[in-house]
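Residue numbers (our numbering), protein chains in the order written: chain A, 1 to 346; chain B, 1 to 346.
Some clues are possibly wrong.
Identical chains blur together in the list; that is why a pair holds if it fits in one copy or across any two.
Derived pair list, reagent style DSS-like, types lysine-lysine, alpha-carbon separation capped at 27 Å [said to hold, decoys possible]:
| no. | residue 1 | residue 2 |
| --- | --- | --- |
| 1 | LYS220 | LYS61 |
| 2 | LYS237 | LYS61 |
| 3 | LYS220 | LYS60 |
| 4 | LYS200 | LYS122 |
| 5 | LYS85 | LYS122 |
| 6 | LYS309 | LYS198 |
| 7 | LYS237 | LYS60 |
| 8 | LYS7 | LYS95 |
Source of the hints: derived by calculation from the structure; they are not laboratory data.
Number of protein chains: 2
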Amino acid sequence: MAEVSNKQLLLRDYVSGFPKESDLYVTSSTLKLKLPQGSEEVLVKNLYLSCDPYMRNRMKKLLNPASYADSFNLHSPISGYGVAKVIESGDPKFKEGDLVWGITGWEQYSIINATQAQTLFKIHDTDVPLSYYTGILGMPGMTAYVGFYELCSPKKGEYVFISAASGAVGQLVGQFAKLLGCYVVGSAGSKEKVDLLKTKFGFDEAFNYKEEPDLDAALKRYFPEGIDIYFENVGGKMLDAVLLNLRLHARIAGCGMISQYNLERPEGVHNLMHLILKQARLEGFVVTSYYHLYPKFLELVLPSIKQGKIVYVEDVAEGLESGPAALVGLFAGRNVGKQLVVVSRE
Amino acid sequence: MAEVSNKQLLLRDYVSGFPKESDLYVTSSTLKLKLPQGSEEVLVKNLYLSCDPYMRNRMKKLLNPASYADSFNLHSPISGYGVAKVIESGDPKFKEGDLVWGITGWEQYSIINATQAQTLFKIHDTDVPLSYYTGILGMPGMTAYVGFYELCSPKKGEYVFISAASGAVGQLVGQFAKLLGCYVVGSAGSKEKVDLLKTKFGFDEAFNYKEEPDLDAALKRYFPEGIDIYFENVGGKMLDAVLLNLRLHARIAGCGMISQYNLERPEGVHNLMHLILKQARLEGFVVTSYYHLYPKFLELVLPSIKQGKIVYVEDVAEGLESGPAALVGLFAGRNVGKQLVVVSRE
């Protein structure tokens, strides 16, 4: 019975304020690559791990357990979305060699319990980069799809604004909107990202929010007629500025508020009265409530990827050891495109 | 051709901060009680005038004319909802003696122009107090109906919270919710109002927000399982506290934010992330977009009033001279129930 070394990434302690690489550490344990007799678990080899904004909240000591994600357990590897290969399965839905995506551990090998295994998605189409299932073909892709199509009911010609637009979700929202015939503007935090939005993803306009002393003025420049749809990834000052620029019956999909996650107290948003004046809607969502739409989503997005109508940019960190830098970098906006960590390429 | 004296109420200058009675003044002009030949206007005698929270914004110099209500004109009487009797009509829809409700002037007699006359509602049922058409049977009633039924899709047994609950809109929302079988709690700003909510309007609970140092704690006391529906009339700190107490898939109908109207800058709302965590919605609305539902609304509410299933409390100020105190008092919460001004009882 093979016993292997299993590198793992753990959180040292709960973090308030800005996370540092040293808040995380890599250690090693051993694991038997065999499930016990009668087990309903799934033993997997992890290939790609996904760095996602919501993980910042899991690094906090959360007081309210009703939140959509619990605090990380300090005594086992952190968990998150990933792509993995099944080594052995006690769940009849999976067999050795299957590729899956879903919640797994930040480690080389994971034993996924029977309940958690119910939430794994089997990967059928491997005609695309496998790492895409951490991004455009996984949770972030579904997030873009649900937030844009299900919550915002977009129409051709509408004015669409996306914050954190070069990230895993934003880049796809923008491309969906362009394919539909919308006018699309994105904000991001560096010249490199802004260039990417305009040249690679086909946004009509993009701007670096760090270089805009007056976000309201920036939005008025790009949206002289106002904003119909705002895909909200950042919160705080950007949301406040967007509220001043809504068109009648505007829709805001509340996906995340990454600019607020490292603050002790979130910033105040002052312009909510404009939701009333413009008869507009701000609706929050959590993608897991919409996973029943995944097949419909794949039908839309897989052909578009293969035909080159939708492109995707990843920021790939090599090896579990690069995990702390990759994850912490996400909260500083250091990544360009979807941040992921390669544990193993097969 | 009869020429009459016409008392009028005007705004002295645009107001920032807290309005004072002296910001308004009553003057008198004269008017011929006869329309010119071929006029399409409607000449009315005003009976009841409505004091409504949105009027505070009209007392400001509004920079953004896209707002749902323009600034008052300083050189003519202020305008607002009222009940009036037609003296002469150039619009074939109305004839002498008709009773109407809609936008009119704060004066004894008004000439309503042809465009504005299109928005007048003819009053058919006079088997209820005529003043009700400034409140429960007029714009505020429709506001309660639209915000609760159309925006919140309420279900029996849900937990409903209403701020400014004894006001023209709130008292009706609470009674709608009780009739549907919801658990209903209201907040108001005095013991008298709180008593009214519990004894007269049948709310399950009510509290005086001025006596609650911690609104979050107050809401947790009354809603240990959280809030499904919040009918938002006040904004600011109350909204922030409600956000901490949302149930999954909660709906907030954004009707108004009266606590913010006298501030130079609206307060910051910090807890919007909870809209995402709870997959909840905050939707603003303006009742005028829903006036096509007025007949359906009357069908629901008129029988309920006549059968005593829905009651209504008015705060009646006598005479146009009492207008400044009545209107300014509304923004200080001095009214108990729907504030209106009687110009003439017939």
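Now for the hints, and whether the structure bears them out:
1. Within a single copy, LYS220 and LYS61 get their C-alpha atoms only as close as 39 Å, which misses the 27 Å cut-off; across copies the closest is 21 Å, which meets it.
2. Taking the shortest Cα distances, LYS237 and LYS61 sit within 27 Å of each other both inside one copy (25 Å) and across copies (25 Å).
3. When the C-alpha separation of LYS220 and LYS60 is checked against a cutoff of 27 Å, the pair qualifies only between copies, where the shortest distance is 23 Å, while the shortest distance within a copy is 36 Å.
4. Taking CA atoms no more than 27 Å apart as the test, LYS200 paired with LYS122 passes in neither setting, with 30 Å inside one copy and 59 Å between copies.
5. For a Cα distance limit of 27 Å, the shortest separation of LYS85 from LYS122 inside one copy, 10 Å, qualifies, whereas the shortest one across copies, 71 Å, does not.
6. For a Cα distance limit of 27 Å, the shortest separation of LYS309 from LYS198 inside one copy, 15 Å, qualifies, whereas the shortest one across copies, 61 Å, does not.
7. In the homo-oligomer, the alpha carbons of LYS237 and LYS60 lie at most 27 Å apart both inside one protomer (23 Å) and across protomers (25 Å), since each shortest distance falls under that limit.
8. For the identical chains of this complex, LYS7 and LYS95 are intra-copy neighbours only, at 24 Å inside a copy versus 87 Å across copies, given an alpha-carbon limit of 27 Å.
Figure legend: structure checked against the earlier numbered hints; the only hint not met is number 4.
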